[in-house]
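Undergrad: Chains as they are written, first to last, in this note's numbering: chain F, 1 to 276; chain C, 1 to 780.
There may be inaccurate statements among the hints.
[Stated by the list, open to error] Non-contacting residues of chain F with respect to chain C, defined by C-beta distances greater than 12 Å in every case (computed):
| id | residue |
| --- | --- |
| 1 | Q35 |
| 2 | H60 |
| 3 | K135 |
| 4 | V182 |
| 5 | Q198 |
[Said to hold, decoys possible] Straight-line distance between alpha carbons at most 20 Å, and here's what the computed PhoX-like set of lysine-lysine pairs gives:
| id | chain 1 | residue 1 | chain 2 | residue 2 |
| --- | --- | --- | --- | --- |
| 6 | C | K510 | F | K177 |
| 7 | C | K480 | C | K519 |
| 8 | F | K46 | C | K701 |
| 9 | C | K307 | C | K267 |
| 10 | C | K469 | C | K514 |
| 11 | C | K172 | C | K34 |
| 12 | C | K27 | F | K186 |
| 13 | C | K146 | F | K186 |
| 14 | C | K145 | C | K172 |
| 15 | C | K731 | C | K649 |
| 16 | C | K34 | F | K183 |
| 17 | C | K721 | C | K731 |
| 18 | C | K694 | C | K714 |
| 19 | C | K557 | C | K34 |
| 20 | C | K84 | C | K97 |
| 21 | F | K183 | C | K27 |
| 22 | C | K557 | C | K519 |
| 23 | C | K130 | C | K84 |
These are computed hints drawn from the structure, not numbers from a lab.
Keep in mind it's a predicted model, so treat the numbers as computed, not measured.
Yeah, the Cβ is synthetic: ideal placement off N, Cα and C, and Gly gets one too.
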Amino acid sequence: MATEYVKFVDVTKCDGCRACMVACKNWNDLPAEPQDFLGSAQSHAKTTADTWNVLQYIEHENSRGGLDYLFRHSACFHCTDAACEKVCPEDAISYTDFGTVVIDHEKCVGCGYCVNNCPFEVISLKEYVDKNGDKYRKANKCTMCTDRLEEGLQPACVTTCHTEAMQFGDKAVMIQKAEERVKQIKDRYPNAMVYNPQGVGGTHTVYVLAEKPSVYGLPENPKVPTSAVVWKDYAQPIGKMMIGATTMAVVGAFITNTIISKKKNGKNENGGDSHE
Amino acid sequence: MQYTDCALIMGANPAENHPISFRWLTKAKENGGKIVSVDPRYTRTSSMSDIYAPLRSGTDIPFIGGMIKYALDNNLYHKEYVAKYTNASFIVKESYKFEDGLFSGYNADKRSYDKTQWAFEKDAEGNLVKDFSLEHPRSVFQLMKKHYTRYDVDTVVKVTGTPKEDLLNVYKAFCATGQVGKAGTIMYAMGTTQHTVGTQNVRAFAIIQLLLGNIGLPGGGVNAMRGESNVQGSTDFGLLYGNLTGYLNAPTSIDPLNATLAGHLEKETPKTGYWSNKPKFIVSLLKAWYGPNATAANEFAYQYLPKGNKNYSHINLFKAMYDGKLEGAFLFGTNPVVGGPNAGKEKEALSNLKWLVAVDLWETETSAFWQTDAGSNPAKINTEVFLLPACSSYEKEGSISNSARWMQYRWQAIKPLGESKADLEIINELATRIKGLYKNEAGPVAEPINALYWSYGEGHHPDIDLVCKEINGYDVNTGKLIAGFGNLKDDGSTCSGNWIYCGFYPEEGKNRAKNRDKKDTGMSLYLNWSYAWPMNRRILYNRASCDPSGVPYNKEKAVVWYDAVQGKWTGVDVPDFVATRKPGDAGFEDPFIMMNDGVGGVYAPTLNDGPFPEHYEPYESPVQNPFSSQEINPAIQLFDGKFNERGFKADFPIVATTYRVSEHWQSGTMTRNQEWLSELVPHMYIEISEELAKEKGINNKDEVIVSSARGEVKAYAMVTKRFKPHKINGKNVHQIGMPWHFGYKGIATGETANRLTPHIGDANTTIPEYKAFLCDVRKV
């Protein structure tokens, strides 16, 4: 059993250099995706199938009337209870011993349930063309460089970070570091907090945020949707026994669509931000 | 930097442009140090600082002048340091005057000063007259006090636009480092230097740092954040137009003394200070260049050195090109059509050349200046252009020197791609072939070429180890490497291609630039990692970290100290002075070994534009100078006519500045051809305040036209809270900023910011004033 690891991102030490974005593309051999001008220093609006981490730049007028220029390395959180893993009809998404969440492209059929159910919106589909010219899709996201972890290396983004805004190590140690750091920076950032949401069982990317999660567009209290739990733990096993996988995909689409329409209507059983 | 109590970052944006330095600032912060960011724009550096203060571009001298006054008025300066370690105690001649923005000795026709009027007073024996009480009315200290009386907080605020509270916060935080045992550092970059008062901006930093006792100790200093990884190395090796290597002055024919080597040595060599050894360095350099052809009988081939009579700065070279006075040019890794000031005119100038050799990794906007894509008509351009493909750093071997003066060796990672060659190989080919062409010729043109000693092995690629050995220097009779520049001779028996590096290769097999020992040898100095000139000293002038008796001002951060038991200096750094001197010995208390007088220069009577920094407005400014009737620096060279149209407030009311982003480098040649960097900053944009955007009806992401007297540039508008209008004398003065990386070649393309910037330069260095000019903005 490998150690359970956490990537600890201290956004208050990040200087926004974006070496993490380049290191990720380099290691994972991802193509560039030039975007239209977005009106800020940010290069991509959010993560995509070919851009697994994005540096957010946020101009924020803080509670004391001052201006903060906030940065956040955003990528997959590698949830302990991962909605993507729950909803995947093909068991293509799984947990590793390191605590990371990975997608098996051999099994992935590109149905997109994981995309629609991720509380952090960090999974995307990519379209490929096979040798017959037929199109097919696969889900893509940050792997926490699991292939590097297997070789005893750290994730590429962490290795390249020069301000130590990112550290990678034993889960308990990292969480303790995060908690200590919050105490140190409370004077400068009164709203500073550890972001390790328990609604998804805690995450394997743990942040020290300078501001409330909503300032970064993050859900205050993300949860694995109940429907996803029902799907994974009850319906899917029974259903797979009773009917074919194709039919199950139709049922899955129904569940997913239900979740999406609920989001759109702004209804939320938790009463918080609509980031299920 | 990690040992600093306060880092004042001004004219620099290290979080974006020198990110690795921020690693150490982060450590300083963890140790309780404060970070202060002073910038017209709230940058990523500002966001990571404890205090941020905005200022209008081009008002650094009022900002620091006010700080000098604040430190003096509030008694915050380091008394002993100022009295003993600076020239504050020196008495200045009566001929020194300052009135309405002009120092004495000004010649308006020549736009220059007679600097002899600013000299120090000497007694009958020729010794300097000093007053250690600092009370003499003509002491440097009192003259400085008087000079900056006018820089009171209210006047400063009116010209810089800095909110008074922010200004005082900065003054208070930084001047707290004047306390004995504290250290403050200043970090600057091109935001400081690229002004018509650029040199004086840096001088202002030097003055405040000397007053606060912040030079020569860990966490102190005036740190130039270099614009390239090897700017330090290239200036060390004579890249500056007025220098040979090792900061030896190139002889000009303007001074008749330079007609002979003896005269040149007499002119260049001070009687006191370490530069009194200069003849050894000059003769050893001539021996390196001319080898056996340099003899005592022929003035060591001194007459083969070119002795021009002009200013050969970038602007002047392009002016000469524009005027049709230059036939050809070699451009090694430079792209002036994007990076040069008033770049549109620089492009025009290139078409007056008969030939142009460009050496680069890619075809750039410069080497392609004649093409239709560049907006040119090839049929009308007669310039013959040669593009030589160059190697990138990974394809060759050599060294770079960082701003801490570490010479770090780097090895070849991959073989050169395609036909590309290392610069060294290209130069070697040129030299050997040119020498071949002149071999059988005589006369004044052929002689220097035939006399040039070029012996770096056989074959196309020179033996780089031989180059290294020549840089270090060796005994020309035995070939034995020289252990350090203290052993160089002026009799022709030694050679050294760059005296300041002499000692990096002290013996066979020991190229210390290759040292890679990660062990901390104390105070994080890592003496066995690479080699720092001079003589592996990591902190220059470290004598100043101790009191006159040799006891460290801060015992916890001690780097050198006098050990009375051993009767000599010791410590974790290499002492930057004669370590065997004992209390009572001459020079024991003089920390500034390279200064003729052994002390730091609060007063600098050698600069072209005055011994004290004085505020003048940028060449183009929307504001009247409140300090005097001299609007612009009276000692700058003016360029006018079509080569340099000047804009005024009526047409161009907005202040503009240029800068870089993390992801692109210089004119973008390397980074705009790299797809992962290109996608991060793919578009040319300007940063503009919400207030100015509203006035102009511009929304975020709109396309806009920026215009100056010299051209127009299309860009996207990034409307941001990080730029605010400056309140100057009660009125709003707007400022915008833009990256200067873009051109039409490569993956990430955009219009070129430098089509807007003026051809005007600093009074001492002629560095262009990229950082403050006038423009207007309109929606497309």
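Undergrad: Next, verify each hint and record whether it holds.
TA: The hints, checked one at a time:
| no. | hint | verdict |
| --- | --- | --- |
| 1 | Q35 | 7 Å, violated |
| 2 | H60 | 9 Å, violated |
| 3 | K135 | 24 Å, holds |
| 4 | V182 | 15 Å, holds |
| 5 | Q198 | 29 Å, holds |
| 6 | C:K510 with F:K177 | 44 Å, violated |
| 7 | C:K480 with C:K519 | 30 Å, violated |
| 8 | F:K46 with C:K701 | 18 Å, holds |
| 9 | C:K307 with C:K267 | 15 Å, holds |
| 10 | C:K469 with C:K514 | 14 Å, holds |
| 11 | C:K172 with C:K34 | 12 Å, holds |
| 12 | C:K27 with F:K186 | 18 Å, holds |
| 13 | C:K146 with F:K186 | 44 Å, violated |
| 14 | C:K145 with C:K172 | 19 Å, holds |
| 15 | C:K731 with C:K649 | 14 Å, holds |
| 16 | C:K34 with F:K183 | 18 Å, holds |
| 17 | C:K721 with C:K731 | 19 Å, holds |
| 18 | C:K694 with C:K714 | 19 Å, holds |
| 19 | C:K557 with C:K34 | 17 Å, holds |
| 20 | C:K84 with C:K97 | 25 Å, violated |
| 21 | F:K183 with C:K27 | 17 Å, holds |
| 22 | C:K557 with C:K519 | 18 Å, holds |
| 23 | C:K130 with C:K84 | 11 Å, holds |
Checked against the numbered hints listed earlier, the structure breaks hints 1, 2, 6, 7, 13 and 20; every other hint is satisfied.
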